[in-house]
Amino acid sequence: MKLATTLLATAALSLTSISVQAADLTIVSWGGAYSASQNNAYHKPFMAMKSGVNIINDESSNEAVAKLRAMNEAGNVTWDIVDVEGPDSQRLCDEGLAMEIDPAEWLAKAPDGTEAYVDFGPSMINKCFIPQIVFSTTFGYRTDVKEWNGAVPTSLCDIFDTAKFPGKRSLEKRPKKNIEWALLCDGVAKDDLYKVMSKPEGIQQALAKLDTIKKDVIWWSAGAETPQRLADGEAVIGSTYNGRLFSVIEEQKQPVAMLWDWQVFDFDGWIIPAGVKEDKLPLIKEYIQFATDTQRLADQAKYISYGPARASSQPLVGKHADLGIDMAPHMPTNPANQKNYLVNNIEWWADNQDEVEAAFQVWLAK
Amino acid sequence: MTQLDMPAQAPVLTQDGRPLKASLSRALRREKLRAFVLILPLLAFVLLTFAAPIVDMLLRSVDNSIVPQTLPRTVVALELWDPQTDELPEEPAYAALVEDLREAVAQKMHTRLGSRLNYEQSGFSSLMRKSGRAVETISGSDVKGQLIAADSAWADPQIWRTLKLYSGTTTKGYFLSALDARQTLDGVEMLPEGERIYLMLFGRTLMMSLTITLLCALIGYPVAFLLAQLPMRTSNMLMILVLLPFWTSLLVRTSAWKVLLQQQGVINDMLVWIGLISDGNRLVMMNNATGTIIAMTHILLPFMILPLYSVMKTISPSYMRAARSLGANDWTAFWRIYFPQSVPGIGAGAVLVFILAIGYYITPELVGGTSGIFISNRIAYHISSSLNWGLAAALGALLLIAVLVLFYVYDKVVGIDNVKLG
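Protein chains in written order, with the working numbering: chain A, 1 to 366; chain B, 1 to 422.
No wet-lab data here; the hints were simulated from the structure. Be aware that one or more of the hints could be misleading.
Below, computed lysine to aspartate or glutamate pairings styled on EDC-like, alpha-carbon distance capped at 16 Å [claimed, not checked]:
hint	chain 1	residue 1	chain 2	residue 2
1	A	K176	A	E59
2	A	K127	A	D144
3	A	K176	A	E355
4	A	K50	A	E357
5	A	K277	A	D24
6	A	K127	A	E73
7	A	K285	A	D24
8	A	K177	A	E278
9	A	K280	A	E85
10	A	K50	A	D24
11	A	K127	A	D161
12	A	K176	A	D266
13	B	K108	A	D232
14	B	K258	A	D232
15	A	K214	A	D266
16	A	K253	A	D266
17	A	K146	B	D279
18	B	K108	A	E357
19	B	K130	A	E73
20	A	K366	B	E99
21	A	K366	B	E193
22	A	K302	A	D326
23	B	K172	B	D63
24	B	K108	A	D191
25	B	K144	B	E99
26	B	K130	A	E347
27	A	K285	A	E105
Please put together the full structure from these sequences, using the hints given.
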C-alpha cells in the first residue's frame, strides 16, 4: 500500500515536472554582470508575467558559435535563445545556424508606432540578428601614475607615446581593433582604413606601429583581465569593454578613468538557433517581443553601462539601480563620448581574419 | 629428432572421448567469452566516448567533401581546364558553377563553402556570399560575363586554381598548414620564413614540457624520499600538504600564481621591501615562458610525487642497512642501492607529467603571455574561435603522433616494463 502510494506520488511528480519542462526556456548569455543585468531587466519581469515559465541561464556565449555548429551537426539543438556579438551572428546567419526573422512579426513597435526595423536602425546588421545593446571597446587609464607628472591621456595615440606616458599597456591578444587603432595613429584616415588594410603592406605598417610599444604590452584574452590589471597597478592603461571599466570606476571606486577616443562600437543581441523545436517557437517569440521592447531595453541600462539598441529607448535611460547615478554620461552612445569612433567592417574581417590572425600570431611570437 | 621419435599421432582423449586439445580449447573459449561479456560495457563505453571521437577528429583533418558535394558540376567541368594556363575556364564551367550555387544557396551551403575555401585563399568568404546573392538574377546566355560582372574575382585565374586544387573529397591542405607549408600547382612548398608559426610552437611545447618534467623530477624526488622515510603518522600529515593543492581547482591555483608572480605581486613586493631589487626593476616572472614553467611545475608536481612515493614505499629499508653493514657510506648506499630501485617511479611520474603537460592549455593561456603559450592554445583557438576544425584536427593529430613517437622512443630506451605505479 505504502509502496503503491510512493510510486503514484513519484509518477505524479515526474508528470508535473514534464509539464513544467515544456515551459522551460534555455537562454544562453555571457555570465557575470551582463547576465545579471538581463536577469533583472528581462527574465524576472517575464517570469512574473507568465507563470509557469522557467528561464534557465546558460553561460556559454563565449563558445556559442562552435557549440551551435556541433549541435547542428549532431542534430540536437538544446538552446532556445542565444546572446552573441554582431560578427558571430553574421557567421551563424551565413552558415544557416541561426533562424532568419521578420522584424515586423518578431519585434514590438516603438511606443509612438514606429516600425521596429526603423527604431533599431543600423543595428539590424543581418537577417538573423535581434539587437539589444551597443557596447564599445575602449581604454581606461590609472589616474595616479607619478611618472606622468600630472598629464592624462586624451587621445588614442597617447597609447603609443611611451615617453610621455610610460608604463605597461594591456591590449587584446587579437589583431582586430589593434590593427585599426595602430593605423589611425600612424596617420591613416578613418575612411581609408580598410583600403590600407587590404594591401599586404597595410598589415605590416600596423604591426610596425605596434612594434614601437610591443615590449610595454601585456596581452589579454578575457575581458576581465584589463580591469584587474588596472586595479592592481599591473598596467597603467588598457583596452576592454566599456561596461567593465564602468564597474571598476563607479562600483569598485578604483583610481581609473575612461578614454573614449576612437572607441570601437559593436552590437550584441539575440539569435534563435536554426532547428529549435517547433512547439517552443511561440514562447520564444513572446519572450523576444517582450525583452526587446522599448522599456525593457532602457531598463537594462539601469544595471550596466551599455547603450540600448533602439532609438526610442534612449530618452528613457535613467539612473543606476543601486548607485543612483545618471547612466547617460556613461553610455558609449553619449554624444560627448563618441566624437571619434569606429565600427569594425564585419565583411572585411570575415574575409581576412584567418590571414591577419596568422600574421599577428607570428608577429607576437617574434 | 625428438619429434620423429614420438609415438604415433594418436590424439589424447578426455573421458567423454573428445580429443583433449579440442575440449580444452572449447573450455577456454567459453571462459574467454564470459570474460569478454564482462568487459563489454566498458569496451563499448571506451569505443563510444574515446576511440570514436579520436577517429572522427582524425578524419576531419583530411575531409574536404564539402567542395565536391556543394559544387559537383563545377568540379566535373573543371576537369578539362588546365590550371597552369593564365586563361579562364570556358562558359560551361561558369554555367555549372551558377547552377551549383543556386542549389547551395537553397541549403545555405555556399557560405560554409566560402569559409572552407577562405582558409586557403582570403576573399572566398565574401566572394561566395556575393555570388550567392547574384546567381538569382543570372539567366540566359553569357553566364560567364554576368558572373564576372557580379564579382570581378571570377575573372581571376587564381580563384579558379584554388577551386581546382581543392576539389577532391580529401585534402592534404590542413596537414600542410599545420606544418607551415602549402600546396601549390608545382607541389608542396614551405611558407615564407616570416609566416611560419606551428612548427615553432610544436618545438616550444616539447621543450617546455620536457623542462617541466625535469623540474618536477628534481623537486619531487626529495619530497617523495622524505615522505617514504618518515614514520607513517608524520608522513600522512605531510602527504595532505601534497594532496591539498592536488584537490584544489586548477583555475584557483593558476590565479594564485598570478597574484604571486605579477610585477605588483607578492613576490616582487617582498623583494622590494627586503631591498633586494629596486622598485623600478621589478622582476618579470609572468606573461612569459617563466610563468608557464613555474605554474605548471607546481600544478603537475603531485603527479610526480605520488608514483614516486608509492614505489619508494616498496623498497625495503633492509637493503640500505645491508649495504651500510658491508661498508658503503650513506651516499654510495643511496646511489648504488636505493636510487636504481626507485627509477621505475621516476619513469612512471615522468611519463604522466610529460603527457599531461604537452596537452595543457588553460595555465599557459592565463600566465604564458605570448612566449609561454603551447600548441594546444592554437588548437583551442581554431576549435572555438576561428572554427577551422580541419586545421585544429590536423594539429591535434600531429600532437598525438608526436606523443606516440616519444612513447615508442621511451619504450626503446627505458623500457615500458620499467614503469611502476607502486
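A quick look at each hint next to the structure:
no.: 1; hint: K176(A) - E59(A); verdict: violated (24 Å)
no.: 2; hint: K127(A) - D144(A); verdict: violated (47 Å)
no.: 3; hint: K176(A) - E355(A); verdict: holds (12 Å)
no.: 4; hint: K50(A) - E357(A); verdict: violated (46 Å)
no.: 5; hint: K277(A) - D24(A); verdict: holds (12 Å)
no.: 6; hint: K127(A) - E73(A); verdict: violated (22 Å)
no.: 7; hint: K285(A) - D24(A); verdict: holds (14 Å)
no.: 8; hint: K177(A) - E278(A); verdict: violated (39 Å)
no.: 9; hint: K280(A) - E85(A); verdict: violated (24 Å)
no.: 10; hint: K50(A) - D24(A); verdict: holds (12 Å)
no.: 11; hint: K127(A) - D161(A); verdict: violated (42 Å)
no.: 12; hint: K176(A) - D266(A); verdict: holds (12 Å)
no.: 13; hint: K108(B) - D232(A); verdict: violated (48 Å)
no.: 14; hint: K258(B) - D232(A); verdict: holds (11 Å)
no.: 15; hint: K214(A) - D266(A); verdict: violated (26 Å)
no.: 16; hint: K253(A) - D266(A); verdict: violated (26 Å)
no.: 17; hint: K146(A) - D279(B); verdict: holds (13 Å)
no.: 18; hint: K108(B) - E357(A); verdict: violated (26 Å)
no.: 19; hint: K130(B) - E73(A); verdict: violated (25 Å)
no.: 20; hint: K366(A) - E99(B); verdict: violated (47 Å)
no.: 21; hint: K366(A) - E193(B); verdict: holds (11 Å)
no.: 22; hint: K302(A) - D326(A); verdict: holds (9 Å)
no.: 23; hint: K172(B) - D63(B); verdict: holds (9 Å)
no.: 24; hint: K108(B) - D191(A); verdict: violated (32 Å)
no.: 25; hint: K144(B) - E99(B); verdict: holds (12 Å)
no.: 26; hint: K130(B) - E347(A); verdict: holds (11 Å)
no.: 27; hint: K285(A) - E105(A); verdict: holds (9 Å)
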